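Top line first, the protein sequences correspond to chains A and S. Numbering of the first sequence is given in our numbering, commencing with residue 1 and proceeding in unit increments. Numbering of the second sequence is given in our numbering, commencing with residue 1 and proceeding in unit increments.
Calculated from the structure, these hints are not laboratory results. This one's a predicted model, so the numbers in the text were calculated from it and none came from an experiment. Where hints are given, some of them may not hold.
One side only, chain A facing chain S, incomplete, derived with CB under 8 Å [as the list claims (entries may be wrong)]:
| id | residue |
| --- | --- |
| 1 | Glu7 |
| 2 | Glu116 |
| 3 | Thr156 |
| 4 | Pro330 |
According to the in silico footprint, chain S covers these stretches of chain A (three or more CB under 8 Å from chain S) [what the hints assert, rightly or not]:
| id | segment |
| --- | --- |
| 5 | 51 to 60 |
| 6 | 125 to 138 |
What follows is a set of in silico ranges between Cβ atoms, one per label pair, in the way DEER data are often shown [unchecked claim]:
| id | chain 1 | residue 1 | chain 2 | residue 2 | range |
| --- | --- | --- | --- | --- | --- |
| 7 | S | Leu181 | A | Glu7 | 18 to 24 Å |
| 8 | S | Gln177 | A | Pro180 | 50 to 56 Å |
| 9 | A | Leu221 | S | Gly278 | 53 to 59 Å |
| 10 | A | Gln35 | S | Leu221 | 46 to 52 Å |
| 11 | A | Gly326 | S | Pro159 | 32 to 38 Å |
Don't be surprised by glycine CBs; every beta carbon is placed ideally from N, CA and C.
2 protein chains.
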Amino acid sequence: MRKRIGERTLLFRSEPRVRSAAAIVAKNEDNGAFQGTFDTVLEDDKFGEDSFEKAECKMFRTAALLACQKAGLDPDGIHAMLAGDLLNQLITANYAARDLGIPFLGLYGACSTMAESLLLGGVLSDGGYCSPVLCCASSHFSTAERQYRFPLEMGTTAPPTAQRTVTGAGALLLSTQDVPLPVFSHVALTAATIGRVVDLGITDMNNMGAAMAPACCDTILAHLDDTGSDIADYDLIVSGDLGTFGSEMLLNLAKKYDLELVGRYLDCGASIYLKEQGFSCGGSGAGCSAVVLAAELLERIERGDVNRMLFLATGALMSPTSGMQGESIPGIAHAVVLERRD
Amino acid sequence: MRKRIGERTLLFRSEPRVRSAAAIVAKNEDNGAFQGTFDTVLEDDKFGEDSFEKAECKMFRTAALLACQKAGLDPDGIHAMLAGDLLNQLITANYAARDLGIPFLGLYGACSTMAESLLLGGVLSDGGYCSPVLCCASSHFSTAERQYRFPLEMGTTAPPTAQRTVTGAGALLLSTQDVPLPVFSHVALTAATIGRVVDLGITDMNNMGAAMAPACCDTILAHLDDTGSDIADYDLIVSGDLGTFGSEMLLNLAKKYDLELVGRYLDCGASIYLKEQGFSCGGSGAGCSAVVLAAELLERIERGDVNRMLFLATGALMSPTSGMQGESIPGIAHAVVLERRD
Numbered sequence: 001m002r003k004r005i006g007e008r009t010l011l012f013r014s015e016p017r018v019r020s021a022a023a024i025v026a027k028n029e030d031n032g033a034f035q036g037t038f039d040t041v042l043e044d045d046k047f048g049e050d051s052f053e054k055a056e057c058k059m060f061r062t063a064a065l066l067a068c069q070k071a072g073l074d075p076d077g078i079h080a081m082l083a084g085d086l087l088n089q090l091i092t093a094n095y096a097a098r099d100l101g102i103p104f105l106g107l108y109g110a111c112s113t114m115a116e117s118l119l120l121g122g123v124l125s126d127g128g129y130c131s132p133v134l135c136c137a138s139s140h141f142s143t144a145e146r147q148y149r150f151p152l153e154m155g156t157t158a159p160p161t162a163q164r165t166v167t168g169a170g171a172l173l174l175s176t177q178d179v180p181l182p183v184f185s186h187v188a189l190t191a192a193t194i195g196r197v198v199d200l201g202i203t204d205m206n207n208m209g210a211a212m213a214p215a216c217c218d219t220i221l222a223h224l225d226d227t228g229s230d231i232a233d234y235d236l237i238v239s240g241d242l243g244t245f246g247s248e249m250l251l252n253l254a255k256k257y258d259l260e261l262v263g264r265y266l267d268c269g270a271s272i273y274l275k276e277q278g279f280s281c282g283g284s285g286a287g288c289s290a291v292v293l294a295a296e297l298l299e300r301i302e303r304g305d306v307n308r309m310l311f312l313a314t315g316a317l318m319s320p321t322s323g324m325q326g327e328s329i330p331g332i333a334h335a336v337v338l339e340r341r342d
Numbered sequence: 001m002r003k004r005i006g007e008r009t010l011l012f013r014s015e016p017r018v019r020s021a022a023a024i025v026a027k028n029e030d031n032g033a034f035q036g037t038f039d040t041v042l043e044d045d046k047f048g049e050d051s052f053e054k055a056e057c058k059m060f061r062t063a064a065l066l067a068c069q070k071a072g073l074d075p076d077g078i079h080a081m082l083a084g085d086l087l088n089q090l091i092t093a094n095y096a097a098r099d100l101g102i103p104f105l106g107l108y109g110a111c112s113t114m115a116e117s118l119l120l121g122g123v124l125s126d127g128g129y130c131s132p133v134l135c136c137a138s139s140h141f142s143t144a145e146r147q148y149r150f151p152l153e154m155g156t157t158a159p160p161t162a163q164r165t166v167t168g169a170g171a172l173l174l175s176t177q178d179v180p181l182p183v184f185s186h187v188a189l190t191a192a193t194i195g196r197v198v199d200l201g202i203t204d205m206n207n208m209g210a211a212m213a214p215a216c217c218d219t220i221l222a223h224l225d226d227t228g229s230d231i232a233d234y235d236l237i238v239s240g241d242l243g244t245f246g247s248e249m250l251l252n253l254a255k256k257y258d259l260e261l262v263g264r265y266l267d268c269g270a271s272i273y274l275k276e277q278g279f280s281c282g283g284s285g286a287g288c289s290a291v292v293l294a295a296e297l298l299e300r301i302e303r304g305d306v307n308r309m310l311f312l313a314t315g316a317l318m319s320p321t322s323g324m325q326g327e328s329i330p331g332i333a334h335a336v337v338l339e340r341r342d
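Bound-form chain A, shown alone (with noise of 0.2 Å):
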């Protein structure tokens, strides 16, 4: 075995290159924490289309054009897209992937999607066998709530620790060539962590954050047991959409493993609304972590604020049949590290 150097951490040697990116919100997220970072927002959360399901699917195409146009390249010089969404039948990402015409592998994390598509395009451009690849996540809050939840037009109030699926989509471009215009010219791709599925069960859909958490420690506990690291080794540990109550079980889990995460985490669902926006917990959804890392985080490593930072997408992997049938709601980490390159 060449490159994995532990039960679950895979290395890339070679250093894919992240060389451009885009991300698209709704106006509730531009109006959050990270105002002004995002490439395009939507002046209406139906994007000029006749449904959500089919808005958010042009925002994910969108956001995927938009990634190629910035780095100087055709959709068709890209050998694969590895992407998913919160949808069922990842209709969002098929029909996207239909469109483009662009070869497409389909995910389904849940909301850990954005960091499972860069560490399959990180295999795949590391290991030499498809460069450029796009990796993309995307979510709505409307079609989620109305897959997952209530229709709308209920007008169901949240409980105090839902969070809000953020509407919004990220696209990375991974690359092991140079690309005509590159956005970024710092930020490598160094290693990944698989997530292995965890669940402490919870049954409450309301409360996804602490689904998530205990997958989120038990990844990070890998990563660093896999690469003989420290937390310290870290600038910056991100996780996807754990949420405020959701981080802070994460805090103190991790406390009880003597990880003191404080001072250098961040977790994207909590950090993206404001308080006084009134959204509980704060945001969730896979197209969370992905506007964070798109429009934001990146720009950290290139600007060399972050040197070196491990991305946590954290999924719930909530079902309405299996709850209906007594299940728990069980949840999967899968964890990126971004380096920053001269």
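Based on the hints, put chain S in the right spot on chain A.
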């Protein structure tokens, strides 16, 4: 680029081997053309569980475990599982991954899942990132009908173009190293071709074969073009579940490109049931090509009856939601090459 030889085809130079496989089906499937080849046949479709969904999960888990056991490996020794199923949120694969504890990458490719998992499993093992890996797919007639069509209790009759979702789960163990008890010694995974989402505008949910045949033809053409090979270089071209109607469409489509598949072609869906079983156009579902490959086709290679096989699993990306919004049903087909090696 070391291994990419065409726009969509990847070569696996280390030729990872399929070391073992397991297939589990229900009675209808065992009463068909491949009777007696399956490892386990369900006595009842609920497999002792209290829901069909839990039965499908148990089937999946059983097949995955059996593939490990046959090879003399413990699930703890498996470095990654790449798998999916037809159910929303991949509840079959996800809950099975939870129970097995194997690092897990969830895939959604509808009925193309078996080839997608072998493609990515090939990349992970050939690239030296993870080995051994488990590649699995499953489907269940009763869970699929409930989710995609009508509750069984309605007793809806199937139109002539309909296919029956196969109740079955298949698992293949892929490894670049030796295993303690190899079931197969001669089956190598040598290449793969990534599918594109192709849509010719089919909107009939009971005619999945027609939705998938164009994607299947597209991938065959890309594969031959990328590799500079000819149909005659393959003893057997296998499609997943086009069914009798879709297979005929594929043969006709292929002819337009001067490709004569007759005489070296098998569709798992069209072959799995006997005509007298009365299942219209044959079988379908992610489990269909998975169990036929695991139970029958690998043996043909091992025995030397087939030396080089192009295995295409075909997925119809059917969504009830998109269907109601007037969208057509796109298809996708991923391909892998399995070859006999001494």
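Results of checking the hints against the structure:
1. Glu7: 7 Å, holds
2. Glu116: 6 Å, holds
3. Thr156: At 20 Å from the nearest chain S Cβ, threonine 156(A) fails the 8 Å test, so the hint is violated.
4. Pro330: 5 Å, holds
5. 51 to 60: With 3 residues close enough to chain S, the hint holds.
6. 125 to 138: holds (count 6)
7. Leu181(S) with Glu7(A): 18 to 24 Å: 22 Å, holds
8. Gln177(S) with Pro180(A): 50 to 56 Å: 41 Å, violated
9. Leu221(A) with Gly278(S): 53 to 59 Å: Since the Cβ atoms of leucine 221(A) and glycine 278(S) sit about 54 Å apart, the hinted range of 53 to 59 Å holds.
10. Gln35(A) with Leu221(S): 46 to 52 Å: For glutamine 35(A) and leucine 221(S) the Cβ distance comes to about 48 Å; the hint holds.
11. Gly326(A) with Pro159(S): 32 to 38 Å: 35 Å, holds
The structure fails hints 3 and 8 (numbered hints given earlier, in ascending order).
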